[in-house]
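*Asks:* Chain by chain, the residues:
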Amino acid sequence: MSHDHEKTGAFEYLTTRKDELVGWARKFSLFPYPFVTACCAMEFMSVSSTMYDTDRFGAALPRFSPRQSDLLMVVGTVTHKQAPILKKVYEQMCEPKWVMAFGVCATSGGFYQNYAALQGIDKIIPVDVYIPGCPPRPESVIDGIMQLQEKIAGSSHPIISGKF
Amino acid sequence: MSSDLLERLRARLADEGRESAFAHGLLAVPLPREALLDTVKLLKQEFGFDLFLDVTAVDWPGRDPRFDVVCHFYSTRDHVRVRLKMGVPEADPVVDSLVPLYGSAAFMERECHDMYGIRFRGNEDLRPILLYEGFQGHPLRKDYPKDREQPLVRYRE
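Chains as they are written, first to last, in our numbering: chain R, 1 to 164; chain V, 1001 to 1157.
I should point out that these hints are in silico values taken from the structure, not numbers from a laboratory.
Possibly wrong hints are sitting among the right ones.
Stated by the list, open to error - Result set (DSS-like, lysine-lysine): computed pairs, CA atoms no more than 30 Å apart in a straight line:
no., chain 1, residue 1, chain 2, residue 2
1, V, LYS1146, R, LYS123
2, R, LYS123, R, LYS18
3, R, LYS97, R, LYS87
4, R, LYS81, V, LYS1041
5, R, LYS88, V, LYS1146
Chain V extracted, bound-state conformation:
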């Protein structure tokens, strides 16, 4: 599935030298992380992608860069989606926050920080949202032992 909007977006990105491809009915755009904010501004202000769906990450142990950070956007007028995907190295797991553009990004970035330890530059409130204060590590990283528990209450004898 494609639409006029996605075709125009694809041509526009090609003008800027960015490859993109249709996958599962949406337009998938690999990006260097430095280009995130400019691309999202383009999506929001010129192409009408008014809904920020989610930001999450993918852990590829042994790969460099180790993480992919993935953002999805939706246009409520044209009913189409766009995916942005950025490689992020383990040593410096930082991408720009989207809070200035989409307020809803704040909570989703907190979740992504909980689970993968990705930091979002510009989001000042990265307190745990699903986890709790004092939790060590990031449980959706592949090197987190799958049965490691961090109880808050002392167990009965």
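The following block holds chain R by itself, in its conformation from the complex:
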């Protein structure tokens, strides 16, 4: 019995949804912009370097221009004086973009409620994932990244709608 199509074992085709394919690709190529304002920075350094290694999730290479990044990591307390800067950085990022509130101060103001502290960055920009903790454990941050990855993988990606 002869076959027109010879089986070679090579990876020749797979079936998937286009959204899933792009989501899978995107979730492992996060380019974080670290907007680092306070003591959570220490934990950010820890989680992004060898010990905990966010590179395993494709989220290791920080870009120091908002135009080259798609994940805004707000690490630390944001004051009212700094809020316009954060807003401007967010607006300069290209779509698609995601925002992570790293630690309780970015999430809700934390234990600060006074003339200076913004009560959570979601007052001024939309937030995709909140990481509690003061500062958060590296495990919490990794959990937050993985939840964000799930969200990215499960959402629709408008670059492949329409004619594609």
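Model the placement of chain V on the given structure of chain R, informed by the hints.
*Replies:* For chain V alone, coordinates are given in the frame of chain R:
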């Protein structure tokens, strides 16, 4: 803790009729605010207090005068400190600036002006340094509501 330098300073101030006392290892000198510049000149030029550490204020609501303005000086040769403390009334919260004697006073006086609304005669640049333009009031005064915020960015709906 006291030192020869502080003992001599204390005797010298006593000659001018000023009481002073040792507290927490430094010499604390209450002053009328009119005497500030002369006393600081004495500290700097005759006693070698070459480092101006800080100027801040204390709010005593209900007391007259309402504020204390507090300056600290340090001698890098003798490693001792001096504190000057002046009562300042709410109606006229002005003291003399120390910028002509210590350039570093400029920023610290701006901070004190931000937080307590004390004005410094002779410091021409009292723009906000930690606060921002348009901020109403002085947040470290005790009558500033502790949760009053003055956002610069409009909140999302």
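*Asks:* All hints, please: hold or fail.
*Replies:* Do the hints match the structure? See the list:
1. Proximity of LYS1146 of chain V to LYS123 of chain R is assessed by CA-CA distance (about 19 Å); at most 30 Å being required, the pair is judged to hold.
2. With a CA separation close to 34 Å, the supplied pair LYS123 of chain R and LYS18 of chain R exceeds the 30 Å bound.
3. Between LYS97 of chain R and LYS87 of chain R the CA atoms are separated by roughly 13 Å; this keeps the pair inside 30 Å, and the hint holds.
4. With a C-alpha separation of about 37 Å, the suggested pairing of LYS81 of chain R with LYS1041 of chain V is violated against the 30 Å cut-off.
5. Taking the CA atoms of LYS88 of chain R and LYS1146 of chain V, the gap is near 28 Å; set against the 30 Å cutoff, the hint holds.
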